[in-house]
Amino acid sequence: MTLSNDKVINQINTAFVSGWQSIKGKRSYAGVSNTHMPSNAAKNINTCSGGRNIQMYFMTPDGRVVHCLPGYWNAQDFYTQAGFAVKLGNLAFNKSISNADRNEKFLDMHLQKAHGHSYGLVEGAKLQGFDVKYVKNNTSDFTRGYKGFVQGVKLVDQVVHERMAARPFLPFEKFDAHEFTKLGIKRYKYDFGLAGKYGSSAKKK
Amino acid sequence: MLRKLTVAAVAVLLTTGVLHAQNVAYKTVTGGQVKLNVDKMMSKIDWSKDFNELKKKAQAQKKMIFWVDIVGDLDGGL
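Chains as they are written, first to last, in the working numbering: chain A, 11 to 215; chain B, 922 to 999.
Source of the hints: derived by calculation from the structure; they are not laboratory data.
No residue lacks a Cβ here, since even glycine has one placed at the ideal position from N, Cα and C.
Treat the hints with care, since some could be wrong.
[What the hints assert, rightly or not] Rough simulated footprint, nothing fancy, chain B against chain A, three-plus residues with beta-carbon under 8 Å:
hint, stretch
1, 19-28
2, 58-64
3, 90-104
4, 112-123
5, 174-181
Sequences are here, hints too, so could you generate the full structure?
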């Protein structure tokens with residue numbers, strides 16, 4: 011739904027060249043949920059849900075990752091994040107600053123997004139219950155410390171920016187998607203897609 | 922003093938997102954519409970499957986790269 015939005019298509023075609031590959035059966039972190047055909051009904055889900063099923067990378071022309079959006083993002087949030095990626099890309103082109111300063115600026119920009127923006131802008135960036143259980147058991151950066159006012163599990167987009175901040179301009183080949191996509195479980199049960207594996211699509215067509 | 926503490930607490934909560942309930946307005950899209958969306962995405966965006974070729978193209982056109990890793994096919998079953 012997101013990549014068929016006119017505003018998004020225009021943005022992609024203006025600022026980027028585009029490509030894709032299937033990671034099905036090729037990456038250990040890839041999701042293994044039900045099969046979904048283009049003719050099956052669909053519905054929007056929480057931001058970043060299905061982060062193991064799809065990862066959308068934004069890179070410099072020489073293939074260094076400046077941002078990665080895992081899972082579902084609605085059109086407006088995607089548009090905002092892609093615009094942010096363009097700003098990060100411009101940083102890579104800036105020859106007037108040292109690599110150290112460039113990396114520091116990269117870190118600052120992602121952390122400002124993680125902690126400084128209004129979370130009302132990122133609709134539904136809250137983990138679902140089964141994913142909360144997963145991240146509590148399998149990650150260390152989702153759970154806030156026990157000191158201070160705020161406790162509990164962070165919003166997903168906040169963690170995405172924090173993880174990106176620690177990965178400045180990594181070549182795509184070296185990007186550790188296995189760790190980056192630890193945002194939730196590998197297998198979802200849902201009622202769309204082909205019948206027979208999990209749920210049934212017949213009533214939703 | 923109490924007022925200052927309250928203001929500080931609310932500021933922290935706002936900046937950390939705690940006060941923003943993240944309720945998604947779930948909307949179902951029919952299979953027919955999904956098919957139309959996929960067709961549009963495939964026809965309006967010039968997709969490559971060769972990463973090295975895409976890098977050359979990006980450098981030639983001075984554009985960034987948008988790359989999708991997906992379980993399944995972008996234009997087929999996921």
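Consistency of the hints with the structure:
1. 19-28: Our answer is that it holds, as 7 residues pass the Cβ test (under 8 Å) against chain B, meeting three.
2. 58-64: Answer holds; 3 residues pass the 8 Å Cβ test.
3. 90-104: holds (count 4)
4. 112-123: violated (count 0)
5. 174-181: With 0 residues closer than 8 Å to chain B, the stretch 174-181 of chain A misses the three-residue bar; violated.
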